[in-house]
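Trainee: First to last, the protein sequences are chains R and E. The working numbering applies: residue 1 is where the first sequence begins, and numbers increase by one. The working numbering applies: residue 352 is where the second sequence begins, and numbers increase by one.
These aren't lab readings, by the way, just hints derived from the structure by calculation. Using N, Cα and C, we set each Cβ at its ideal position, and we do this for glycine too. Just to be clear, a hint being listed does not mean it is correct.
Partial pick of chain R residues on the chain E-facing surface, computed with a CB cut under 7 Å [what the hints assert, rightly or not]:
(1) 19
(2) 20
(3) 41
(4) 48
(5) 246
The following residues of chain E were derived to be distant from chain R, with all beta-carbon distances above 12 Å [claimed, not checked]:
(6) 574
(7) 575
(8) 689
The chain contents come next:
Number of protein chains: 2
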Amino acid sequence: MTGIVPQRFETVLSSMCTEPHPTAVAAAEQFLASNAGDPATYQAVAALEETAVALLAEITNAPAPSGYITSGGTEANIQAMRAARDRHPRGGSTIVIGSHAHFSFQKAAAVLGMRCEVVPTGADHRADPDAVAAHVDADTAAVVAVGGSTTFGRIDPIRALTEIAHDAGALCHLDAAWGGFYLPFTDAEWDFAATGVDSMTIDPHKAGRSVIPSGGLLFADPTAAAPLRVETPYLASADQYSLTGTRSGAGVAAAAAVMQTLWPDGYATEYTRAMALAERVATACRERGFATPEVELPLVATQLPEGVLSELRSAGWRIAATPGGYARIVVMPHVTEAMVRELLTTLDAVT
Amino acid sequence: MTGIVPQRFETVLSSMCTEPHPTAVAAAEQFLASNAGDPATYQAVAALEETAVALLAEITNAPAPSGYITSGGTEANIQAMRAARDRHPRGGSTIVIGSHAHFSFQKAAAVLGMRCEVVPTGADHRADPDAVAAHVDADTAAVVAVGGSTTFGRIDPIRALTEIAHDAGALCHLDAAWGGFYLPFTDAEWDFAATGVDSMTIDPHKAGRSVIPSGGLLFADPTAAAPLRVETPYLASADQYSLTGTRSGAGVAAAAAVMQTLWPDGYATEYTRAMALAERVATACRERGFATPEVELPLVATQLPEGVLSELRSAGWRIAATPGGYARIVVMPHVTEAMVRELLTTLDAVT
Numbered sequence: 001m002t003g004i005v006p007q008r009f010e011t012v013l014s015s016m017c018t019e020p021h022p023t024a025v026a027a028a029e030q031f032l033a034s035n036a037g038d039p040a041t042y043q044a045v046a047a048l049e050e051t052a053v054a055l056l057a058e059i060t061n062a063p064a065p066s067g068y069i070t071s072g073g074t075e076a077n078i079q080a081m082r083a084a085r086d087r088h089p090r091g092g093s094t095i096v097i098g099s100h101a102h103f104s105f106q107k108a109a110a111v112l113g114m115r116c117e118v119v120p121t122g123a124d125h126r127a128d129p130d131a132v133a134a135h136v137d138a139d140t141a142a143v144v145a146v147g148g149s150t151t152f153g154r155i156d157p158i159r160a161l162t163e164i165a166h167d168a169g170a171l172c173h174l175d176a177a178w179g180g181f182y183l184p185f186t187d188a189e190w191d192f193a194a195t196g197v198d199s200m201t202i203d204p205h206k207a208g209r210s211v212i213p214s215g216g217l218l219f220a221d222p223t224a225a226a227p228l229r230v231e232t233p234y235l236a237s238a239d240q241y242s243l244t245g246t247r248s249g250a251g252v253a254a255a256a257a258v259m260q261t262l263w264p265d266g267y268a269t270e271y272t273r274a275m276a277l278a279e280r281v282a283t284a285c286r287e288r289g290f291a292t293p294e295v296e297l298p299l300v301a302t303q304l305p306e307g308v309l310s311e312l313r314s315a316g317w318r319i320a321a322t323p324g325g326y327a328r329i330v331v332m333p334h335v336t337e338a339m340v341r342e343l344l345t346t347l348d349a350v351t
Numbered sequence: 352m353t354g355i356v357p358q359r360f361e362t363v364l365s366s367m368c369t370e371p372h373p374t375a376v377a378a379a380e381q382f383l384a385s386n387a388g389d390p391a392t393y394q395a396v397a398a399l400e401e402t403a404v405a406l407l408a409e410i411t412n413a414p415a416p417s418g419y420i421t422s423g424g425t426e427a428n429i430q431a432m433r434a435a436r437d438r439h440p441r442g443g444s445t446i447v448i449g450s451h452a453h454f455s456f457q458k459a460a461a462v463l464g465m466r467c468e469v470v471p472t473g474a475d476h477r478a479d480p481d482a483v484a485a486h487v488d489a490d491t492a493a494v495v496a497v498g499g500s501t502t503f504g505r506i507d508p509i510r511a512l513t514e515i516a517h518d519a520g521a522l523c524h525l526d527a528a529w530g531g532f533y534l535p536f537t538d539a540e541w542d543f544a545a546t547g548v549d550s551m552t553i554d555p556h557k558a559g560r561s562v563i564p565s566g567g568l569l570f571a572d573p574t575a576a577a578p579l580r581v582e583t584p585y586l587a588s589a590d591q592y593s594l595t596g597t598r599s600g601a602g603v604a605a606a607a608a609v610m611q612t613l614w615p616d617g618y619a620t621e622y623t624r625a626m627a628l629a630e631r632v633a634t635a636c637r638e639r640g641f642a643t644p645e646v647e648l649p650l651v652a653t654q655l656p657e658g659v660l661s662e663l664r665s666a667g668w669r670i671a672a673t674p675g676g677y678a679r680i681v682v683m684p685h686v687t688e689a690m691v692r693e694l695l696t697t698l699d700a701v702t
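Only chain R is shown next, with the shape it has when bound in the complex (with noise of 0.2 Å):
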């Protein structure tokens, strides 16, 4: 053995992952050597990633399951962007996102051979629909929505994105990686039923409470995956649509029981508590005089004197910058009221 132990999470506020649900680590460890990517020869965990397509498809309100478990948002943030290149009348060779999009769109427009018209964002951190109609073309493939930006965690304008989108023959993908989970419980048109997006990131392993690796990626119109097919002649199943090959097990059967478990009512119990959670560091951050923006999503943005940050890494706490000299604290359902009291302590005792 290695002597090195697995980082904790008390003093992490940077990141989307968190600790799973028990149950979802009870289901990783029975799967740890199923391959997902093999169905016919690993029939167990074949059955068990469709129970969790369908229940991706019932919390975003899909016409009917399509997709398949991917090993995060990355990976479906490509796939999906294959998908619209390749369905593309000319091989649309342009995906216009906006300045607050993950960097996976910028990873997939490398690997993908296409560009990125990045779009600047508006005053209130969404995408502004006309600034985005303005950079959509006949060569665009896809135009992104972001459904809980990692920057301040804001929902865009996603059925007037999608409509701008289809009026230029292009698709609309919207990345719900991280906020997916929490959608469901706000006022928000989101769902593939409400904003009649074309795909869709949405990663149990965030705020899902599955294990690493569990992404998601939903298509509407199931024909949209056709680009994907890829033949596997010496496989005992015939075809993958997956962007890897050998696929966690582990990562499958998490995702379908931590979703059995907690959806509905166990991930909006986690709504509510991380909301108000977020409120009070929003407003206790207030108090002490810092710029903080409104809370969409439990995802605390707060505009700290320069040098603050670095004091709070160096006290030990594991804290992500926002462009604009924003801090930026992910409440995952790890994040206790003990923990941020402990932040705040910090904070005074730095500034």
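Please build the complex by placing chain E on the supplied structure of chain R, with the hints as guidance.
Mentor: What follows is chain E alone, placed relative to chain R:
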């Protein structure tokens, strides 16, 4: 819980995955919540990844440890092709592969906007250097060599293929995803020092006995990975070289732990055991009159009479086919003498 239990391995002869070593399982269970994609937040797993890459570099005789733990062989192969494409002065558009190469190279070409030139293998089921040379030109980004083919378990003439690639200004990539943990104990010229290959896939989650997902991608020259770099603006970490974003800490920890435990003696013992058992299977098949090429690595291909393969499958055996009407029996660590005896009993009953 789902009530579905995992596949047992007692009838699995089709898979290059296997029962992970107990050391790997124990390490994985500790790190199910750690994200190897964010090393600044998850520092313990970052240290383990350094250990794992250093061990892979030792096993493959690399000039220096350079690479990372991937989600599997497919990600490693895609990333190697991407690095080759992006370093090519004219954006090299072709990948030259043998007809025995893993289907992930077709997937890589589809994703990356490249084309696979598929060269038929020789009668010995290996890449034929002359035939490969005839397909290599100024547009070739990479030539692929295979070290342990998934079809017949064959080792290509790797050094000759590397010379052909280099003469054309292309890179040579070795896919030793499955073979890499057997090759050190053969007489084959295969490693970085002996062959001069530029990059290599070698998967701890196959014959390395780690858990899924843990693949390996290594580069001879650390600067060759430069095209893979993506900035990660909002994370505590500055950049990523991986295709996926969030990555399994469990896979990384398991790979480090099991390689520390089994390299080199444990792997040598398993190589000897698996080869002896594969030889016995091959002999038994020949005694029954089935054409069975020589065994080079622990994988037996045997030409069964029509209908017999599907009868074996009906009897519960998981066996895949290899082109040319061969059944393919992969003698992974979970394949025991008792399993082989039972297989032969079934075979005698259905022929």
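Trainee: Please list, smallest to largest, the hint numbers that this structure does not respect.
Mentor: none
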